[in-house]
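Just so you know, the protein sequences line up as chains A and B, in that order. Under the working numbering, the first residue of the first sequence carries the number -2, and numbering increases by one thereafter. Under the working numbering, the first residue of the second sequence carries the number 4, and numbering increases by one thereafter.
Among the hints, a few may not be true.
Only pairs whose alpha carbons sit at most 25 Å apart, straight line, appear in this in silico SDA-like list of lysine to any residue [unchecked claim]:
(1) Lys725(B) / Gln134(A)
(2) Lys725(B) / Phe107(A)
(3) Lys808(B) / Leu751(B)
(4) Lys725(B) / Leu17(A)
(5) Lys245(B) / Ala234(B)
(6) Lys725(B) / Tyr126(A)
(7) Lys725(B) / Asp106(A)
Rough simulated footprint, nothing fancy, chain B against chain A, three-plus residues with beta-carbon under 8 Å [said to hold, decoys possible]:
(8) 12 to 22
(9) 68 to 80
(10) 84 to 96
(11) 101 to 110
(12) 113 to 124
(13) 132 to 143
Taking beta-carbon pairs under 7 Å as the criterion, some of the chain B residues facing chain A (in silico) [as the list claims (entries may be wrong)]:
(14) His628
(15) Thr822
(16) Gly823
These are calculated hints, taken from the structure and not from any lab test. Computed from a predicted structure; not experimentally measured. All C-beta atoms in this analysis are idealised placements derived from N, C-alpha and C, irrespective of residue type, glycine included.
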Amino acid sequence: MRILIVEDGLEYSETFGRFLADGFAWDRAGSGPEALEKLGSERYDAVFCDMRFDRVPLERLLGDLAATADQFNGDPAAARRHLEDHQGNYVLAAIRDAGHAVPVLMSYDFGEEPRRWQRLAQRYGPVDYLPDNASPQDVADRLRGLAR
Amino acid sequence: MILALLSGLAFADPEDALGPVTRQMYAEARQREAAGDLAHASALYRAVWGNEPNFPQALIDLAEVLELQGDVDGAIAALEEAPYDADAVEALGRLLLRRDRPEDAALQFRRLQDLAPESPIGRMLEATALARFDAVGAHDVALLVLRSGLLLPLDGDAQRLVEEVAAAHRARKDAAREQALLRAAQEKWPDELGVVQPSWFRDLALRAEIEDLARKLASARPDPLDPAQDAQLQAARAAFAKGDWSTARGQLLALAKQAPRNPDVWAALADVYEESGDPAAAEQALQRAKAYDPLDPAHPGRLGQLLACAYERDRPFSIQLDSGETIEVRRPCWYGGRQEAQAAREIELSLLLDPNQAELWALLAQVERTRTDEELAADMGAWRRSRAGGEVAWRLQMYDLDRERPPVPGDLPAPGALEPYWIAEAWYQKHNPARAAEEVARALEAKPDDVRALNLQARLALEAGDEARATRAWEKSLAIDPSQADVRARLGEIAWPERPLEAVRLWEEAAASGSADARFLLAREAAADGRLYDARDLLDAYFAGATSGDHHDEALSLLRDVERDLGRRWFLGGLGTLTVAVVPAFLWRRRRAGVDLEAVLLASPTSWRDVARTCSVIRHEVLKHNTTTLPAVADALERGDAEPARWAHERLFGPRGAIERFRERTADLETLARLHGLRLNLVHRDRTLGPVVRAMDDLARLERDLRKGNRRIAGELRALGKALNEDGYRALGVLVRRLCLLPLDEGLIDGIWARTAAEFPGHGVALDVSLDERPWLRISRGDLEDILANVLRNGLQAAVEAGTKRMAVVVASEEDEITGLERVAIRVCDDAPKRISTAIVRGRYIERGLGLTVDLISRNGGSIHVEDEPGWSKAVVVRLPRAEALVAMVEEEP
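This is chain B alone, in the form it adopts within the complex (with noise of 0.2 Å):
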């Protein structure tokens, strides 16, 4: 098998190198082989062996046969006889690794891997072996094959080599190796576009990663705060954002004192060390955030935004040169280094626990793109000093990759033990019901009092609708620990509203124990019965004694509707009377009511773009291709053809037909005033779409006669052709390029700066706006402003801290030489030092991070990047789509 991986391009086949009578021998004793012939089959490879010592493959067909016939020494006999041949060796190794022989086995792929170095196949068996004897030793040459950089299919040896030795650990319980190995096939062969990993393969990682996160959940036991904790985090949090980061320390300190367990008190303090320079506590702390809370998306995501952007202020050096002389230098660093193979690790946990975190995503992108092992560093070292500036430049490199990790927290608790319940509850965290349950079942026949596993088991119950089920587990639950308040509220959400005063009942007895849920459930029912007070009072000790809770979205918005009920109780009744007078009139006039979309527009500027979006998908998805043949379909019918005309009326009114598709865009525009409280009324109201909507009702009332191919429809097909796409298209462009076009000119930058600058009095910065010319941007007025304001403030801050007195503003536009779109790149300069890059300021965390502005820049179709600048410490790049409307009618507009 080896040499035909190596040499089979060179050699097409072994067998030419047979003379005519071995040829014709070896075809035989395939033959014979075939047919079962085995006696006669191993006489005939034996001779062509005897004949041509240059063809190994007969003592390879040979052993074959041989092991058939049950002569398991023979066939090895047979296989010693070609020591030098790597497929011969390699037959042999298999054999013996199938007749138990692991260790000989070994041996065997050891010497593959002399014969045939390039190949990874021997180490890959070597690894499968040593599995049968010595974990260990399986696992290290295991994670030499994967972590090689040689192209290996996902076949039946790389599923063996995984498996067996994936066993052998979890056989010596050795879970961190399991992960370890997991973890670099899933690089080796990562589930990627394009690539489909076998169903094996994913289930054996999916095993791996729901007893990891069973083992996290066993031992996380988090601290949770009372409300008196929690308004001290919120305090710290506050004092941290105002910079005043001592108190914020203290604040977070002491509440970790009292509740060392809690990890939000951790990630607030992971903050607060990485402001103040000391990223290696910051690191030991989102350790801690995340061991409390393994299922909090966040922590793994700060840990690895730490790693890949956290900079160390002045780390000293001492740096051997190849000369022997020793040099000392003190120099800023990145933290992990952009190249951290952890913070990669990290981002990826963050983003398989949230998938939902674009940014998250592109630092991803970034770390993996520029990230760089330390051994292939070392490896590159000599590529490296002739391309980057010098051995000391390529020494600071390397230390740059050598962070000094901080040890892990020595009370960090430590992996849980693996029971069925944790890992029940694993597979419900991971949204497996059906495997939940199973898990769930192994751990009550295990330990039948066991309430978490009743719990779970209730829960899983309910979600598949088995309220019987649910039930009788709760209930059981609730006999053996009569203190869970929340399982009684859920008893009671399960009794209403079939028998409700079980369900009150129970309420109030969870509620008189403590539970939110309960007291919410209670104002739920009070306010649905009018005891709009009761309701009140009941939602205020909800929210005095929970800071979340499974309702608390939902008790945000009663505890509105009930003051709002409050307040207009008394008007209600005059109402009522009222509203019987004028019913009638109400919907006459409902009729011929409503807005056109300019007053969507003019209601919610910010909606443009849905109306842009659904105006151009109605224009390039509806009509072309659709209504566009309607001239000639007109002319085939006049000629007598009736076929075209049935083919235009599947395009029209066939399944996801023009028709269907275009009434689904009017509705959804519908939906989209609605969402402002308007009511569109496109057909009476609208000037641009109401002739379009009206065109596309005629078209509609001509389907039987346009599947019949009825030839007088032709002038009406062709006037409707005109209506919709010359006048209706034409129409619809108007309308989308006249949507949110906004001059950038100097005026518009000032008045930004003058606003932005108050909020910094005595900052002596001057701020110089240069414009070449005065583009025009599709965006809101708003949008602009914050984005701009948000940018500005940014720079000044930096510039007020660090004492610099200039800043400016340069706009030009650059061009995309494919597409030929433009872009206008507003350029924010600075000469504060430069300690913010792409992916910081695209971050969510510290004050420099433009979270809500980089989703506005998104959303505008736009990116902000920190770039160097010539003359400057740096520039903050804003760059928006140029909008080539029509300009010169948009300035001749009002």
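Extracted from the complex, chain A is given alone in its bound form (with noise of 0.2 Å):
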């Protein structure tokens, strides 16, 4: 099974050499427009798209910058916070835009805010989500389940 995973660090691609290693392949994009690009070339059974990228230069974000900060009275260190912090559903929604119909894991717990989940399923999907504290196999059986 070929997964593409977006974070902008190397902690689930070392958990998944580590501990995943069996029955996975994936490759790495460490921003959206990386993401995009990959997607482009490569054929995948399913993204793994961590939520917070707040280790990427500015201009690799996804997003309005001067939009959003319209949305924190003008403040361009909150919205810029603000995208970092979002930058996963800006990745879900630049894959959508794409017309890539590939399944999405975020790695987000979505439970905790399910009318905000219930809008994005129903908007972006296939996608699924699993919350930070998921251990490797959860998200080894999530990524079969959702690719199935």
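Join the two chains, each given in its own frame, into one complex according to the hints.
Pasting the structure below:
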């Protein structure tokens, strides 16, 4: 099974390498734009996407900084924080905007926000989520289920 | 080069046009040239040109070789053989410039512009050539290049252009043109994210900035206010705040006569003028405030706001239509026009002086977004006419761009002469002590008795830790001018505490000469000696004589301490005895005492944001990726694979590992509690975090076993994984979700309205409240009440002034399509004329500014806007994040 891991660090890639080497092949994209490039040139069975991207430069963040700043009384720092904190959502939306129907597993606890999750799942499916405390085995099981 | 740039895509290699024999000849010419055989090379280049007259590159190469051989005339003659080839003409111009024939070079560069009009290089080189003999002409051409929309690399040609034209201006002492040139260059190559300006460019811009500041500082010479005048200024500000503009204006004008160069007086007058509908006078007043205090960011910031936001009422227009008909129109319009380039410059200047002005950054972004130069607007006329509702509407917009600028006040100080002392002071103000020290040495070399330079030298030495040098400089300064009370006070500070008698003597002399700082220092000394009444008297004298000073905040704090100590003096003696008796019991109790997080939140409801953030960080950054793998590590250990354990050890105990970061976060919570006078005891008192802290401590104890991959800890790792990943993670989530949830309902809004409306007896305004549902917000009740009360108060005041009788609050949810996050929009609608904008309500000036409210909204992750509202004049809209906690659970809570 071929997975694209989208994360700004190497944590998930390392965890996959260490605990899920059997049965999975994966590539890593360090940002939204890189994920779109990879999806445009390779075929993946699923995407595993982190939510928070606070280690990528501003120009690699998806989302309109100026428009977002207006939601925070014009504060560009708050806008950047918002884009970083919710970058996984922007990546998901961009994947769908680019016409990719690949299943996406989000690493975020949407279980605490059921209304929000319901709307996102309707808009951007096929998509699923796992909370931050999921074990490597949970991730593997969910990815297999999603890809099926 | 030009052809290569313009036609590079069409003709990948000009040599392709050569026949095989000529091509071989050309290759050999280049080899000969590279080998230093210039005579053969020039003969071969000549032969290539003879064979192939459509290959002028041979001529350019020939000219280079001839120039190397010292045959400049030959080189020029060669290039003149291809007068219609842009590259040859460019090469000829460059050759002439190198040979110090700038007039001839400029002629060639003008021809180059005819041959390649799309390229900016001809103009760049022409300006560089003109700089040698016609600085004004060079300036005009350089500005054409810099203001063109063409993308130009900041390379060697650009460097020569900027450096040589700037140098020409400096040689003529034409500071205004040098500044204008560098400003245009900064706009062309801004210091933006991802763009690295070369050091020569930054140095040039910095030097110009320093010299500009030095000139302004040299000419500022502000008038200080004495205590009576300061009281008068405060009274005028109070009158203005109450809306009594006439009294405020009278008081301020009287003050301006007594202290005509005081910046605070002019800044206050600017407020009065603007509110009285005279923005031109406000602009002039702010120009004065800027001139008398060039270092205060408030004045240019305020001027930028005025130019970007101020409204001018009923301006008359006489409009000449294309048909020849003239129509007369009166209508309100923006004073400076939101498109005003000057507004952007003033705001930028303010931000340069103090970058920590978030609202001003926002305004700058807004101005830049809507800014349109007049010239560009004229070009866009036809387009605008077709889109903007016909000719009249377009012409009115054009008038908006054409502000009638008030004359610059005639008595404003002209920029001062460029003295080394002021350059040193400017470097000092720009926090560059090394450059300041160099310039101050130069100033003292030219004028060894300059007390200003000596005092600055002493300040610099003191900041560098060289007290002996500082003392020498100040003593010399004092010998030249013994009336400098503050210098005496400074010398006293250096003498303290090694030579206390000398220090006190110096302070007493300084205090007798009127030094407020010396009074403070004596007061501090008296308080330290326990002479509390003396200290209080000295502090009274300090505050009577000084409106501000280096020690103002310390003096305030000391006064509070002295008064408290005087009040408690009798009590302290008894307390000493008591302390001895209770210390052992206190220490025992302290181990078991302390409070949980809940108590911290009760003591300080506004700290919920910090608590939530810290708990979220623990949950999402410390636990995630670290403790989630503990069961898998345990499995591996039982299989006999120790490698994952060593990897987990690195994650947990390595530099910036999870354990260290967890302890930093819990320390943050303890610090937060201490700020509110509480001792947080997470381990023993907190039901949520206590088990997590204990589990982390247990994990820390396994450090050695984990590093060695000891199999026997597998079971313990699983148990700790459960405690941290499942129980701890869930408990932290519940805690975060429960923090500060507040339902917004009609009753809450009605209550706030009732309290606010009571401030306006007999207002007669009715409020209609409309909510589709009862959304939950993550905000403290106090914050929400403050925000809504201020917005309602503003609307009600405007309604009362306009004589309108209704307002409404409409609450609705909005969703962000990408993130799925919801915001609650609270729309406060009124019928009063729309005299405010989003920028104004976010601003900090005049009574419509909602600065503190905006801060509160920002801290709660929200925003405020002024928007159109159907059926109303406008709506002030507060948007706050909607909380989607486990609402059912929260509603069940008592």
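Taking the hints in turn, this is what the structure says about them:
no. : hint                  : verdict
1   : Lys725(B) / Gln134(A) : 15 Å, holds
2   : Lys725(B) / Phe107(A) : 21 Å, holds
3   : Lys808(B) / Leu751(B) : 22 Å, holds
4   : Lys725(B) / Leu17(A)  : 21 Å, holds
5   : Lys245(B) / Ala234(B) : 17 Å, holds
6   : Lys725(B) / Tyr126(A) : 21 Å, holds
7   : Lys725(B) / Asp106(A) : 18 Å, holds
8   : 12 to 22              : holds (count 3)
9   : 68 to 80              : holds (count 8)
10  : 84 to 96              : holds (count 3)
11  : 101 to 110            : holds (count 3)
12  : 113 to 124            : holds (count 5)
13  : 132 to 143            : holds (count 3)
14  : His628                : 4 Å, holds
15  : Thr822                : 4 Å, holds
16  : Gly823                : 4 Å, holds
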